[in-house]
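Visitor: One-letter residues, chain by chain:
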Amino acid sequence: MTNLEIGIVSFPALLLLIFLRMPIGLAMFLTGYVGYWVVTGSPNMAMARLKSAAYSTFASESLAVVPMFLLMGYFATIGGMSRSLFKAAEAFVGHRRGGVGIAAVASCAGFGAICGSSLATAATMGRVALPELKQFGYGGGLSTALLAAGGTLGILIPPSVVLVIYAILAEQNIAKLFLAAFAPGVLAAIGYMIVISIYVRLYPDRAGTAERVPWGERMRLLLGIWPVLLVFLAVVGGIYGGIFTPTEGSAVGALGTGLIALFNRGLNRKTMLESFTSTARSTAMIFFIVFGAGFYNSFLALTQVPQTLSAWVVNLGLSPVAVLVVILVIYLLLGCVMDSLSMILLTVPIFFPMMMALDFGMSSEHVAIWFGILVLIVVETGLITPPVGMNLFIINAMDRSTPMTETYKAVSFFVLSDMIRVGILVAFPAITLFLIP
Amino acid sequence: MFKTIHAFFYRIAWWMAVVGGALLTLLVLMLCLSILGRTASTILHSDWMQSNMAGLANWLIGIGVGPIFGDYEFLTAGLAISIFCFIGWCQITGGHATVDVFTAGLSDRKRRWLQMVIEIIFALALVLIAVQLYEGMSTYIRRRSTTFLLQYPMWWNYLLALIPAVITAAIGVYMAAVRTVEALTDRALVVTEGAEH
Chain G
1 MTNLEIGIVS FPALLLLIFL RMPIGLAMFL TGYVGYWVVT GSPNMAMARL
51 KSAAYSTFAS ESLAVVPMFL LMGYFATIGG MSRSLFKAAE AFVGHRRGGV
101 GIAAVASCAG FGAICGSSLA TAATMGRVAL PELKQFGYGG GLSTALLAAG
151 GTLGILIPPS VVLVIYAILA EQNIAKLFLA AFAPGVLAAI GYMIVISIYV
201 RLYPDRAGTA ERVPWGERMR LLLGIWPVLL VFLAVVGGIY GGIFTPTEGS
251 AVGALGTGLI ALFNRGLNRK TMLESFTSTA RSTAMIFFIV FGAGFYNSFL
301 ALTQVPQTLS AWVVNLGLSP VAVLVVILVI YLLLGCVMDS LSMILLTVPI
351 FFPMMMALDF GMSSEHVAIW FGILVLIVVE TGLITPPVGM NLFIINAMDR
401 STPMTETYKA VSFFVLSDMI RVGILVAFPA ITLFLIP
Chain Y
438 MFKTIHAFFY RIAWWMAVVG GALLTLLVLM LCLSILGRTA STILHSDWMQ
488 SNMAGLANWL IGIGVGPIFG DYEFLTAGLA ISIFCFIGWC QITGGHATVD
538 VFTAGLSDRK RRWLQMVIEI IFALALVLIA VQLYEGMSTY IRRRSTTFLL
588 QYPMWWNYLL ALIPAVITAA IGVYMAAVRT VEALTDRALV VTEGAEH
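The listed protein sequences correspond, in order, to chains G and Y.
All residue numbers in the first sequence are consecutive under the numbering used here, ending with 437.
All residue numbers in the second sequence are consecutive under the numbering used here, ending with 634.
These are calculated hints, taken from the structure and not from any lab test.
Note that the Cβ used here is the ideal one computed from N, Cα and C, for glycine as well.
Any given hint might turn out to be false.
To be verified - Counterexamples of contact, computed for chain G against chain Y with all Cβ distances above 12 Å: (1) Val93; (2) Leu169; (3) Arg265; (4) Asp339.
Unchecked claim - Label-pair distances were calculated between CB atoms; the ranges are: (5) Met490(Y) <-> Phe263(G): 45 to 53 Å; (6) Leu230(G) <-> Trp593(Y): 48 to 56 Å; (7) Leu16(G) <-> Ile480(Y): 56 to 64 Å; (8) Ile480(Y) <-> Ala397(G): 50 to 58 Å; (9) Val321(G) <-> Ile480(Y): 46 to 54 Å; (10) Ser488(Y) <-> Leu230(G): 30 to 38 Å; (11) Val38(G) <-> Glu572(Y): 19 to 27 Å; (12) Val321(G) <-> Ile578(Y): 54 to 62 Å; (13) Trp496(Y) <-> Leu230(G): 30 to 38 Å.
In isolation and in its complexed conformation, chain Y is listed as follows:
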């Protein structure tokens, strides 16, 4: 029973990480394309091209050879979404940076209680972040703010970030529940490997 539940949350977190990673890779490709386009555009606008092959140069510029319009808006929005996708995976695999030396001497029992308290606070924080992200989105809907270059509503970005943020909050609550059961029954259910610094 527990194994099925854990596998469910673990799968969701894993999928979010992969989706975020794929999105990050798309952003990498987009930036590289944009650099290529910008370089090409500089060459096409150069005096040499304009005096020798003006027709070809202007035709290429005309069909849209150049930097990707609004690339930095795509970058920042995409980045925020992928980071929200990443946090759930970090949560369920225990990847957050901690200082372990001072609690290493505690008994397993005491450590489980400590872990429970910390994980509950973490879950509360993640829920709070998701709720306030929703509030932030509502503010943008009311103000009808749009992005600077691409001129689409700002709240679209927030909505796309809100989906992984809500799932992450759910994963946080689930992990808090796991740690609570562990503390109450004094046994290990989920063993994580610790952070990679």
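Just chain G, with the same shape it has in the complex:
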């Protein structure tokens, strides 16, 4: 077998291990390790690499953003801001038809601005909004589906852990990617709100309305969310304004939400320890995948699969947009069974050189950013596509009276809105890129 053939064979082998329920990071490490062995004829090279690989992967300055954004998210979760956000949004739109649901989505977007994780957003907002939605007569499937979809805003709206990983893999500027994610994130929130308005008109019996809230009260509630705004502006503004690096920005964010939690009396010994252990669990999961992926990807590079594959695709002479669409469909299919981070780490090293080799009539930096945002959206859709949408599981587990099938049915409307949005963003790259200098 040539090296190229070994590289090509490694991919189905890796997928097989993953589908046999081997942890994804371990599967990538094992495939990379064995691959090195087969290509070089001895385990020495892999062993030598391992001497520094684990330490240097974990001691990465740019990856420091990940645990700090996670810690920021967990502090935000115990900080009680989720309730203030929801109450403020509800005061403005709750009296309209579908208004309480729209308020839930809006507060998910707000929470997403201080939390970089979809799951944390879905779980936190679910705890606050689910009882209220039920109280106002929202159908079980609609309530769980809209919160699961709203949760994906946690990652679409910066800060975003998945986007950080993409930025590192594709060697792109994190600040610019955050900026580019902003308009598509807002578009996502609007799309979900439109879905809710249409849904409650199709099934008027499945949603009630809240009492109209007087303007004075609305303003008072709006003032209550200033800490969220402050932290968001400090982090995103500081990173974009060049006052500090993304890593330092994530530290500022963690301190900010930590202080909010402290002042709201959400932070005590017990919740702090829980934040630590939750951060530990998610961080270890992410870093182990990053470690395995680093190993596997350097083996792939050794076999020259990425270069050969992208040259082959370019020679096919297909239209670049057609290739892009095929890639996005692959992500959607993978997203049905795999989590977003693993997908990115598994595929970006292969797909990214392909994208760079194709001519979209834009600068390569613009293509990289545009592709990153599109990938971010399709992998996030994976969180709400049956059968394995993690957000669906999380929210559905909170609501014992709603069968999973109800959630599946209602969430299809939100998935459709995601599809339409991806179509729009593919057709009009300017929506993503207009803020980028």
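Let chain G serve as the given structure and place chain Y on it in line with the hints.
Guide: Chain Y in isolation, oriented as in the chain G frame:
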């Protein structure tokens, strides 16, 4: 008997996670302090301060107002140590990302055997990582490499990372043993909740 053993490993993993979390929090505070110091230093060095309050400005600079020296070296070293502290907790609570759909249809018995094989491979990998980390440390001791700014021996970082790495390897081996007993006796000893993605 088993409960005591499990509680022992669980406690160690939990403590490592908490120590790692506390270390991470220290790094957060350090970075924020460093930003404050850097901003203050920029203001003190500004033309306005230098022409109006040069004495005060230079005195403050003199007593060390400024960014923390070597902050990024502390950050990367501290981060590596805390990540090594985190992995054991992820291991014992079954927090690694997996794809479950294709094995969901298997019988409990078959799943236990599969789980055993995977957990043994995982334990081997963790042991290998710890051993090679030790080898990496030995290389740095031989080469007498130091860090770039703070100029302390590189192997100190490796040593501090090696301690949690060795404990994590032990936890990995323990979990492999648990899964092996589960497969051989066909019963559940430790139930984990699965990954949070």
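Visitor: Kindly indicate which numbered hints from before are broken by the structure, ordering the numbers from low to high.
Guide: 4, 5 and 6
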